[in-house]
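Colleague: Sequence:
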Amino acid sequence: MLNAVQALGSGFPGQVGIAVRDVTEGWIVGYNADRLLPQQSVSKLWVAIAVMDAVDRGRLTLSDIVTVRRSDLTVFHQPILPLVGTDGYRTTIAALLEGAMTRSDNTCNDVLLWKIGGPPAIRRMLMQKGIAGVGFGPGEWLLQAKTAGLDWKPEWAGGWGFLQARSKMSVEARSRALNRYLAAPYDGASANGVTLGLARLQRGEVLSSSSTLHLLTLMAASKTGPLRLKSGLRSGWTFAHKTGTGQDLGTLSTGYNDVGLLKAPDGHTYAVAVMIGSTRRPIAARMQFMGNVTRAIIRTLE
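Going by my numbering, the residue at position 33 of the sequence shown is 229; the numbering climbs one at a time, nothing skipped.
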């Protein structure tokens, strides 16, 4: 497997990190697996763990009512947006978590993030749970604005003002900002670190058994990235996962990721992370590459 993973990683044009970790036996195979790369929406996984940890500790319940305000809206993908009227939108912690994890809704995730204490709370959780090699950014608004080279303005909530401001920037200014981000990602994590967190989640080392099951069920129901790592599955294999997708500039794409738990027909589970920090390859080539990683893993294990 090592040769196959390293051949795939070295053969893909771009900045790539790959890690495969046997959840039970602990062995790890990787390519560029310790380099910090942009997480983008992969970081929703850590928010979800922190939310379920708060449930375990009695600080929250999944049935708690939350009102999402217009001022809570973020940028980019947020299916909840049309539901949030002038008086807000009443929902639950459970519904927000489902939106964040199965549809990668940025606003659902950000509301949960600030409900449990913001980025410092996530960083504390990562440290307390022993998930090394994973950082956490400043939250959706600030992360996307800083990556684009802008200072966030509250009136941009919802995304349209942000997109207008970004469209007025020169290519040179945006390129400088994006290169700064890629050199030292504000939400950086290594593929090894991500698979460590996934393995600890699967082994029941970070949450109660009921909370672990709830989160893994949401990951298995994810509607995003069906043609990424999942495209390489064989009959009987399953993949519970979280994707991430960053900003583009011209032909340069960033933070194109898929991470999750690959389960064999016999129940043996492997934590897998494929993180494309940056590339100029088209989407179809990126999806094919990810599918090839899954195929290589399964081929060597069967």
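If you are wondering where the hints come from, they were derived from the structure by calculation, not from laboratory data. A portion of the hints provided could be inaccurate.
Unchecked claim - Label pairs and their calculated CB-CB ranges:
hint: 1; residue 1: 496; residue 2: 265; range: 43 to 53 Å
hint: 2; residue 1: 430; residue 2: 198; range: 16 to 26 Å
hint: 3; residue 1: 444; residue 2: 416; range: 44 to 54 Å
What the hints assert, rightly or not - In the BS3-like style, the derived pairs of lysine-lysine whose C-alpha atoms are separated by at most 27 Å in a straight line are:
hint: 4; residue 1: 311; residue 2: 419
hint: 5; residue 1: 364; residue 2: 325
hint: 6; residue 1: 325; residue 2: 311
hint: 7; residue 1: 419; residue 2: 459
hint: 8; residue 1: 364; residue 2: 459
hint: 9; residue 1: 311; residue 2: 364
hint: 10; residue 1: 349; residue 2: 364
hint: 11; residue 1: 349; residue 2: 325
Backbone N, C-alpha and C define an ideal beta-carbon position, used for all residues, glycine too.
Colleague: It remains to establish, for every hint, whether it holds in the given structure.
Modeller: So, going through the hints one by one against the coordinates:
1. 496 / 265: 43 to 53 Å: 50 Å Cβ-Cβ, so the 43 to 53 Å window holds.
2. 430 / 198: 16 to 26 Å: 20 Å, holds
3. 444 / 416: 44 to 54 Å: 29 Å, violated
4. 311 / 419: With a Cα-Cα distance of about 25 Å, the restraint between residue 311 and residue 419 holds, given a limit of 27 Å.
5. 364 / 325: 43 Å, violated
6. 325 / 311: The given pair, whose Cα atoms are some 20 Å apart, holds under the 27 Å limit.
7. 419 / 459: Satisfied, since the Cα-Cα distance of roughly 18 Å is no more than 27 Å.
8. 364 / 459: At roughly 46 Å apart (the allowed maximum being 27 Å), residue 459 and residue 364 break the hint.
9. 311 / 364: Not satisfied, since the Cα-Cα distance of roughly 33 Å exceeds 27 Å.
10. 349 / 364: Since the Cα atoms of residue 349 and residue 364 sit roughly 15 Å apart, the hinted pair holds (cutoff 27 Å).
11. 349 / 325: This hinted pair is violated, its Cα atoms lying about 34 Å apart.
Consistency with the previously given hints fails for numbers 3, 5, 8, 9, 11, ordered from lowest to highest.
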